[in-house]
Amino acid sequence: MQRSYHLAQVNIAKALAPLDSPLMQGFVEQLDHINQLAEASPGFVWRLQTDAGDATALQPYEDERIIVNLSVWDSLEALKTFVYSGEHLGLLRNKKHWFEKPDVPILALWWVAAGHRPDLAEAKQALACLRAQGPSAQAFSFAAPFPPPQQPAPVPETQA
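Residue 127 in the working numbering sits at position 123 of the sequence shown, with consecutive numbering throughout.
Be a bit skeptical, because a hint or two may be false.
As the list claims (entries may be wrong) - DSS-like cross-link-like pairs, simulated, lysine-lysine; straight-line CA separation at most 27 Å:
| id | residue 1 | residue 2 |
| --- | --- | --- |
| 1 | Lys84 | Lys100 |
| 2 | Lys105 | Lys18 |
| 3 | Lys84 | Lys105 |
Just so you know, the hints here were simulated from the structure itself, not pulled from any lab data. Owing to the predicted nature of the structure, the values given are computational and were not obtained by experimental measurement.
Please model the complete structure; the sequences and the hints are all you need to start from.
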């Protein structure tokens with residue numbers, strides 16, 4: 005069965021230094037590999053990137069040290085499996101070496117119609133919504149997930 009909804013996710017991080025600094029080298033060296041792992045993961049649908057394949061070049065915030073990751077997955081389970089296992093988990097465990105500790109939510113999840121590709125404005129809105137209102141059907145977290153909207157009812161067949 006084809007899903008009517010996919011899961012969008014945005015996460016941001018504020019680097020301790022510019023990405024071209026020696027402090028960030030360990031993170032930057034892993035970035036292409038981790039992105040390739042994501043793209044090859046079961047359930048991966050799409051990720052925001054430039055034509056050159058670089059998401060870190062996108063600057064939706066005034067602070068240049070804030071990097072953004074925006075992607076779409078076919079299910080919450082698929083994204084959760086990627087995030088919390090394998091090499092990505094190792095990257096997460098070392099994030100304190102490269103990124104400031106946040107004092108607000110830096111990850112938001114929300115359901116989008118299958119085929120929709122959210123843009124940075126939509127992602128920023130989801131994150132702002134989660135920060136302002138807490139988890140809801142509009143934006144939530146792994147810790148407080150919401151189910152996809154009700155699947156559309158099948159169209160009844162007309163009788164001949």
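Structure-based check of each hint:
1. Lys84 <-> Lys100: Status holds; Cα separation ~20 Å.
2. Lys105 <-> Lys18: Holds, because 8 Å separates the two Cα atoms, which is no more than 27 Å.
3. Lys84 <-> Lys105: Within the cut-off at roughly 21 Å; holds.
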